[in-house]
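Participant: Sequence:
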Amino acid sequence: MSNKIIRSGCKDVWNAFMAEGAQFCEYDIPFCPTTATNLPSDIITWEEAQHIYSQSMKAKRKDFKVDAFVCFYIDDEKFDKSYYQSNIWVYPKRALKILRHFSGIITPDYSTYQDFPEAIKIYATYRMRLLGYWFGQNGINVINNVRWGSSETYRYCFLGIPQHSIVAIGTVGGSPKKIVDRKRFECGLIKMIDTLHPHTIIVYGSANYPCFNVLKSSGIRILSFKGSTAKYFEGGKRNE
1 MSNKIIRSGC
11 KDVWNAFMAE
21 GAQFCEYDIP
31 FCPTTATNLP
41 SDIITWEEAQ
51 HIYSQSMKAK
61 RKDFKVDAFV
71 CFYIDDEKFD
81 KSYYQSNIWV
91 YPKRALKILR
101 HFSGIITPDY
111 STYQDFPEAI
121 KIYATYRMRL
131 LGYWFGQNGI
141 NVINNVRWGS
151 SETYRYCFLG
161 IPQHSIVAIG
171 TVGGSPKKIV
181 DRKRFECGLI
191 KMIDTLHPHT
201 IIVYGSANYP
211 CFNVLKSSGI
221 RILSFKGSTA
231 KYFEGGKRNE
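Reading the sequence shown from the start, the letters are residues 1 to 240 in the working numbering.
No wet-lab data here; the hints were simulated from the structure.
Be a bit skeptical, because a hint or two may be false.
As the list claims (entries may be wrong) - Distance condition first, Cα-Cα at most 25 Å in a straight line; then the derived DSS-like pairs of lysine-lysine: (1) K62 - K11; (2) K58 - K78; (3) K97 - K81; (4) K11 - K58; (5) K177 - K231; (6) K191 - K65; (7) K216 - K231; (8) K60 - K81; (9) K231 - K178; (10) K178 - K191; (11) K231 - K191; (12) K216 - K78; (13) K11 - K93; (14) K97 - K78; (15) K191 - K177; (16) K62 - K97; (17) K177 - K216; (18) K78 - K93; (19) K11 - K60; (20) K191 - K216; (21) K58 - K97; (22) K62 - K93; (23) K93 - K60; (24) K11 - K97; (25) K178 - K78; (26) K60 - K97; (27) K191 - K78; (28) K93 - K81; (29) K93 - K58; (30) K81 - K11.
Since the structure is predicted, the reported quantities are computational estimates derived from the model, not experimental observations.
With these hints in hand, go ahead and build the complete structure from the sequences.
Facilitator: Now the structure itself:
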């Protein structure tokens, strides 16, 4: 990166402090190492983590620990809404304070919808990696979330993620649940395998689709966790 030029009174609205020491890929996407050495025993959402934190603070259990990874497979507004305290980009230090009480995180899942301008989709990828990098630098166990859109996102959506590692994806939204999106999902999944060569894929949501059976037969470990709604109604944590 170029030498810093700091003007008096400037505010770091772009969270440049997070990038200290980072390596950068194409499109200036930060490289986010996988710092987790153990697989999750459970995965909960950012909403659930905040609730647990709030209740624990009220009960004056300031040193509480929860054996679960925190994920962001929820609507973006629930972790990226304006200047609400739940916004992890605006209040990353508050988020870090909460996340320290959990086993680790799946990096944020900013949306890259097909009808978004490409600049927004690249920025979403940038923020996923930068937050993951910074949390990892601050002692949080990190597993990279992989989020792709249609084929034009393949140029940047896999950047900044280590090869031959653990990755995570979410299936609780539209694809591959919706038939109309399933082909796009499967094409992106194949491209992810060809690009990142992961040895383990964590799936938040159902992995009951033929594409995952094919991956299992090729030696890739698939570890699936029920989403919060399914967990509530059905019970249980993970499946292989």
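Participant: When the structure is checked against the list of hints, which entries are broken? Sort them ascending.
Facilitator: Checked against the structure, the hints that fail are numbers 1, 4, 6, 8, 11, 12, 19, 27, while the rest are satisfied.
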